[in-house]
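**Q** Assemble the whole structure, with the sequences as input and the hints as a guide.
Protein chains: 2
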Amino acid sequence: MQKTGRSPLVADWNTLDRVFIRPEDERCRKTLVKYMEQILFGLHDFLNRHVGVTEEISLVRLAEEYTDTLINKDPQKKLADVIKDIINEIAPRAVNVASPYFIGHMTSAIPFFMVHLKTITAALNQNVIKLETSKVLSILEKQVLAKIHRMIYRFDESFYAQHVQNVDTSLGAFTTGGTTANLTALWVARNKSFPPKKDFKSIETNGIVHAFRAHNLERGVVLVSRRGHFSLKKAGGILGLGSNNIIPMALDSNGTIDLACLKDKIARLRSDPGTRIIAVVGIAGATETGKIDPLPELAQICETNGIHFHVDAAWGGPVLLSETYRHLLEGIERADSVTIDCHKQFYMPMTSGMVYFKDPRAMDNIVYHASYVNRPGSVDLGIKTLEGSREANSLILDSALKIMGSRGYGLMIDHGIETAAEFAEMIKKRRFFQLVTSPCLNILTYRLVPPDIQQKLEAAGEKEKIKLEAIVDEINIRLQRIQRENGKSFVSRTKLPVNADTSRESVVLRCVIMNPMTTPEILNEILDEQEMIFNTKIKAGIG
Amino acid sequence: MQKTGRSPLVADWNTLDRVFIRPEDERCRKTLVKYMEQILFGLHDFLNRHVGVTEEISLVRLAEEYTDTLINKDPQKKLADVIKDIINEIAPRAVNVASPYFIGHMTSAIPFFMVHLKTITAALNQNVIKLETSKVLSILEKQVLAKIHRMIYRFDESFYAQHVQNVDTSLGAFTTGGTTANLTALWVARNKSFPPKKDFKSIETNGIVHAFRAHNLERGVVLVSRRGHFSLKKAGGILGLGSNNIIPMALDSNGTIDLACLKDKIARLRSDPGTRIIAVVGIAGATETGKIDPLPELAQICETNGIHFHVDAAWGGPVLLSETYRHLLEGIERADSVTIDCHKQFYMPMTSGMVYFKDPRAMDNIVYHASYVNRPGSVDLGIKTLEGSREANSLILDSALKIMGSRGYGLMIDHGIETAAEFAEMIKKRRFFQLVTSPCLNILTYRLVPPDIQQKLEAAGEKEKIKLEAIVDEINIRLQRIQRENGKSFVSRTKLPVNADTSRESVVLRCVIMNPMTTPEILNEILDEQEMIFNTKIKAGIG
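If you read the sequences in order, they're chains A and B.
This note's numbering numbers the first residue of the first sequence as 479 and each following residue consecutively.
This note's numbering numbers the first residue of the second sequence as 479 and each following residue consecutively.
By construction, these hints were calculated from the structure, which means they are not laboratory data.
Careful, some of the hints might be misleading.
All copies of an identical chain are treated as equivalent in the list; a pair is satisfied when it fits inside any one copy or across any two copies.
Subject to a maximum C-alpha distance of 16 Å in a straight line, what follows is the list of computed EDC-like cross-link-like pairs (lysine to aspartate or glutamate) [to be verified]:
1. LYS973 <-> GLU983
2. LYS880 <-> ASP546
3. LYS880 <-> ASP563
4. LYS907 <-> GLU999
5. LYS562 <-> GLU515
6. LYS880 <-> ASP552
7. LYS973 <-> GLU947
8. LYS880 <-> ASP559
9. LYS934 <-> GLU947
10. LYS880 <-> ASP490
11. LYS836 <-> GLU811
12. LYS1017 <-> ASP930
13. LYS512 <-> ASP559
14. LYS880 <-> GLU567
15. LYS741 <-> GLU775
16. LYS743 <-> ASP730
17. LYS1017 <-> GLU952
18. LYS551 <-> GLU801
19. LYS670 <-> ASP842
20. LYS966 <-> GLU1009
**A** Have a look at this one:
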């Protein structure tokens, strides 16, 4: 924030004074706004460009430019120059996730007012770990948690009147994302699976070995379809259950959890006295396919067997705001816990997630106090969260809900689901493409299979098939890479079983349609580009 | 973002179009900047006010205003009105952590350029979980990690040349705070404590029960002084070790870990074949007192015994940037892992922390892959982090280091330490106050003890002492509360042993001097106010 000049930059008290500048007089205010103008105008080009790195520079060469590892002693740059550098050097090498041609991941465009709301949150810099550093923001957070809890569970007015500002109960928590939300849910599920016994207080206090011994157990498992997000396996590892004990369940022909297999597995596990089922996880919007597990049936199975039912709705949760499609999530209100991400379909900036519990006492299983902060019986939200210090993301969500209304969100959700359905039809009609997973929400997968190979595949024997499939895999890997490097559009890729034989996974292209600016015309262009890439850059080299 | 008008707000495509507004033409750009101006100017009053809630409104009454739990269907407010509401209704009821009179917690003023940098990060909305949604930001993050690693460990140039952009090794990770940084460090320490054996792959995969059985163990423990942050106990609970197995060690007369006790404890634990010591934690800036454990001695003990040495420098880490005081952290370069928070003494906005590992292979112990993201051998940073999706906080830290230089940070660190020392002298000179813990860094604790009670305490017998101490506790609880409610200044309170007898903890006032605008004059005013509060509002009611 130094004045322009030729003199070298120095760190002194005078500079510090200016660095801690706040809009105290008209001149300072103007300076701060001028910088914001630079940021907003400067990022204009970035946000209007196509996807990815238009600049032709390989990753290796790019990495070579970021190798200096010494921290400069004196200031190197003024804020204005830092902003300029970011606009001219960082932004062009970043990924334009806001482009309507960027349909490859769950990170997408955000309404620009979100940037303003994030700016406010940063300027206030409240820390909702405790009341003393957040005051009204802790109270607002409890209200927002109740709003979303009500969206999920639809308890009656009196329930929310009782709990919305209750300092002893918790309807949920803001987390830093779906990963820690899932971890929190399984943490609670793990702890409540081991009620106190003589000489055993809790798994939290005494540890797993002691808990298992007190309960005569050998292992605790979590069951989830093989489409479960990898954060669930990670949670198993972190929580000491072992990632191997997050057991992947087979899929049925819909690509969702096979209920017969699940029931059978539960019966077998329950007949083993050494095993306890800590949770069953239903997915409401699988990361790779967008599929939603049959939640009412899962709820029923869990209720019958007395198992904690967690729904990972990190992706699909906000579909509850769509009057047209909320029925897809029916059964979620019977979940013991639910994960929903804010930086996904609530269109908030990175990084924010949430976890909810049907029972307002469930989070008592993870309570921690400290005398300098988070005293029992206080509004200190940090008492029952995995994370410590946290920014006031609830202010952003609350404001967004006021600006958009549930109908505004509903429009975006509907657009994604309906555009994805249209996209699926387009893919089916094209000779070069094969739809692999049809969209239930706004995610689908497909692959490019040249018509001649398609024909051969139909007639091929087992050995020949394997050879051909390998070729198709290679085509799609190269296709995705070339398209990404072209920088005009972006789809991602993963591996999924393409046929009834689920033992073999094929490379597929994965699309997530969440940007409301993504139109069928754009999707058509993307398919055109892929055919063109295949015909001009891949075809000649195959076989 | 609707035009001003009397018509009701509706959610339709036209609105959506405007909501996803980006600075595409001159008019839109101006609108976006106008909103930023409202934000920056509007928060002006807030940031220049005294601490806390000037508005006289009790917590209970405040909570009553935040009880509506229905999400509105149609938009309720335009962005401009939301901003206005935040400025007029939320900010005045938030806590002005930026005030130089707010010296109670580790959340404080941030240089205003940080708000601009956060705005940029939000506008770019990159997700550094993987290269495909972040590109250069993942590469930049690796560089920033190397810079801070070098600040801590000071390996030679060739070490950093080898690792700075190495896709197979990791020098550390950005986390969402010190809590998850500590959790990550202990997660790594836990996993590496159980090398593979026949029929046992890893604790991560197989779980604790299996791991303990394979290694013939009954429990795993972590040793840390009783001043350890509560996130360490929480990590013990989450990781399945049991929070009881995070064993608090006695303090010596310096208020840091008692080395003789520690050595003795280690010897006893090692003689028990069923127990493994997973880590010893040294504190570099205790949350309550700012004290730094004797790091070289701890390092030596850990090296001798082959124990993972973690240093929780969430608070103190940036002291390494001060040429005058970095010697206080000597020994940190021998730690196996180190936690440093960004939103504490790196003066970044909420929420950002970091964890570092001396061994670039240590994080291999917590690796997770998923085929749609985070492929092995890629720059995908999400492979080895507790968190999933993450914003590009490294851009903020990197920019701040360029703007301030290590000297700029050093000035702020020096100011805090030296002002705290001065404050301690002021306290000692005053008749009404007793310094409880002298400042090693920029944190100190003290309490108000009226001179007549001080005299009585000196002469009192055991029973009388207990009665008097209870009175002093009550005085300080009320003092802190009244001062907070007055809203002019803020100190926090906690409980610490005041005398040699550590079995009894007394209520103390706790100050954290990190705002460079906090001067000795301000501190003097705060003590004056406290004496005044005691004399006018407390004195009459005691005894």
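**Q** Hints first: check each against the structure and report whether it holds.
**A** Here is what the structure says about each hint:
When the C-alpha separation of LYS973 and GLU983 is checked against a cutoff of 16 Å, the pair qualifies only within one copy, where the shortest distance is 5 Å, while the shortest distance between copies is 59 Å. In this assembly of identical chains, LYS880 and ASP546 lie within 16 Å of each other by CA distance solely across copies; the values are 13 Å between and 46 Å within a copy. With identical chains, the CA atoms of LYS880 and ASP563 are at most 16 Å apart between copies only, with a shortest distance of 11 Å across copies and 35 Å within one. Only within a single protomer do LYS907 and GLU999 lie at most 16 Å apart by alpha-carbon distance; the minimum there is 15 Å, versus 77 Å between protomers.
Taking the shortest Cα distances, LYS562 and GLU515 sit within 16 Å of each other inside one copy (12 Å), while across copies they are farther apart (20 Å). Taking CA atoms no more than 16 Å apart as the test, LYS880 paired with ASP552 passes between copies only; the shortest distance there is 8 Å, against 45 Å inside one copy. Only within a single protomer do LYS973 and GLU947 lie at most 16 Å apart by alpha-carbon distance; the minimum there is 12 Å, versus 68 Å between protomers. Proximity of LYS880 and ASP559 under a CA criterion of 16 Å is satisfied inter-copy only: 10 Å between copies versus 36 Å inside one chain copy.
Proximity of LYS934 to GLU947 under the C-alpha cut-off of 16 Å is restricted to the intra-copy arrangement: shortest distance 11 Å within a copy versus 89 Å between copies. In the homo-oligomer, the alpha carbons of LYS880 and ASP490 lie at most 16 Å apart only across protomers (15 Å), although the nearest pairing inside one protomer, at 45 Å, exceeds that limit. Taking CA atoms no more than 16 Å apart as the test, LYS836 paired with GLU811 passes inside one copy only; the shortest distance there is 8 Å, against 47 Å between copies. With identical chains, the CA atoms of LYS1017 and ASP930 are at most 16 Å apart within one copy only, with a shortest distance of 11 Å there and 94 Å across copies.
Taking the shortest alpha-carbon separations for LYS512 and ASP559, only the intra-copy value of 13 Å comes in at or below 16 Å, while the best inter-copy value is 23 Å. Taking identical chains as interchangeable, the C-alpha atoms of LYS880 and GLU567 lie at most 16 Å apart only when they sit on different chains, with a minimum of 15 Å there against 36 Å within one chain. Only within a single protomer do LYS741 and GLU775 lie at most 16 Å apart by alpha-carbon distance; the minimum there is 11 Å, versus 57 Å between protomers. Proximity of LYS743 to ASP730 under the C-alpha cut-off of 16 Å is restricted to the intra-copy arrangement: shortest distance 15 Å within a copy versus 55 Å between copies.
Taking the closest pair of Cα atoms, LYS1017 and GLU952 come within 16 Å of each other only inside a single copy of the chain (11 Å); across copies the shortest separation is 82 Å, beyond that limit. With identical chains, the CA atoms of LYS551 and GLU801 are at most 16 Å apart between copies only, with a shortest distance of 10 Å across copies and 57 Å within one. In this homomeric assembly, LYS670 and ASP842 come within 16 Å of each other (Cα to Cα) only inside a single copy, at 9 Å, whereas the closest approach across copies is 31 Å. Taking the closest pair of Cα atoms, LYS966 and GLU1009 come within 16 Å of each other only inside a single copy of the chain (14 Å); across copies the shortest separation is 68 Å, beyond that limit.
The structure agrees with every numbered hint stated previously.
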